[in-house]
Amino acid sequence: MLIVFIRALILYALVVVVMRMMGKRQIAEMQPFELVITIMIADLAATPMENTGVPLINGVIPILTLLSAQVIVSFLSLKSEVFREIVCGKPSIIIDKGNIIQSEVTRLRINMNDLLEQLRSKNYLNLSDVEYAILETNGQITIIPKVEKRNVVTEDLGVKVQPEELPITLIVDGKLIPKNLKKSGFDQPWVINQLQENNIERIEDAFFAFLSSDRMFYAQKKDKASKQGG
Amino acid sequence: MKVVIATILILITFFAVALYMEQYVNQSAEILTSELEKLEQAIEKEEWKEVRQHMENTAQGWGETKKVWLTFLEHNEIDKIDIVFARLQSYVGSEENVEALSSTAELKFLLQHIVEKQGFRLTNVL
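If you read the sequences in order, they're chains A and B.
Heads up, the first sequence is in the UniProt record's numbering, so the first residue is 1 and it goes up one at a time.
Heads up, the second sequence is in the UniProt record's numbering, so the first residue is 1 and it goes up one at a time.
Think of the hints as simulated: they come from the structure by calculation, not from any bench.
Misleading hints may appear alongside valid ones.
To be verified - Derived, one-sided and incomplete: chain A residues facing chain B with beta-carbon distance under 10 Å:
hint	residue
1	Met19
2	Met22
3	Val54
4	Leu56
5	Ile57
6	Asn58
7	Leu64
8	Thr65
9	Ser68
10	Val71
As the list claims (entries may be wrong) - Simulated crosslink set (DSS-like; lysine-lysine; CA at most 27 Å straight-line):
hint	chain 1	residue 1	chain 2	residue 2
11	B	Lys2	A	Lys183
12	A	Lys175	A	Lys97
13	B	Lys80	B	Lys66
14	B	Lys2	A	Lys179
15	A	Lys79	B	Lys108
Beta carbons: idealized from backbone N, C-alpha and C, even for Gly.
Let's have the full structure, built from the sequences with the hints guiding it.
Written as structure tokens, this is what we have:
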């Protein structure tokens, strides 16, 4: 039993490292070859985990092979447009200037119900509101609405806006993050002062504190239950 | 870029180790097979003292080889060899030459089978 336990831990650690090396992508945004590899890695790790008759290396090698294949293919896709087109395909325009490109829709085997469903999921109820629709290589549809149907932006209103900065997390679960504090340009006494203004005595009593995009300090105190660790 | 370089290094290391391990399996199987042949000859001559000596050498050789083979070969293949080995030791102990010869032939076949199965061939890939 301990053997299975240790093997599972080893393979788990390996899969985490491999997924980390493969890079950050949501499943919905993956290219087909990336999705295939993710599914295969999960399956390959499972068999040697439970079957102690299979040497651990027989699980490690295929996983490392897939990692190598994925890294090399994605690197070549980055460097070569031709290679990328072969492996990932290219985006297809299915609605052009408000007209459905029937040849593309037929070639891609998309029926009208699927297309309308995709439009509705993007909050476009009418086909007549769409200027362009592009089927991306990851299967998602990008909609560019007609000018008169798009959302209003601040530029349209002629409103002057301040440029926004990224929010900076300063405290998580009672621990100050020094790297982020340095990035914010403030120091620890300033943080303590801000916390005290929010009725929080010490850094350890803060559950979460951050500097917002408009440089305002926000903090939340730990409640009693989480302080006691209960 | 670091990940690409790390990946290429992993691949190079893997190919080097894979080639080495294939060579190791071939060599160690050859050594064991030649020990088994000496054992067979001694059994045919019914020189049981020599048989026991060769048996001991073969068992020692197999013990050392097994430790390495277990890290990358299917365990059930190793288990089969262990079973036949145990049987052979019993036949040698009771000086039954026909059964002992049959067991050595079985062992030689199993070793050869492992070498063929591990080899980088199209039939194994497919």
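Find the hints from earlier in the document that the structure breaks and name them by number, from lowest to highest. Hints 1, 12 and 15 are the ones this structure does not satisfy, whereas the remaining hints hold.
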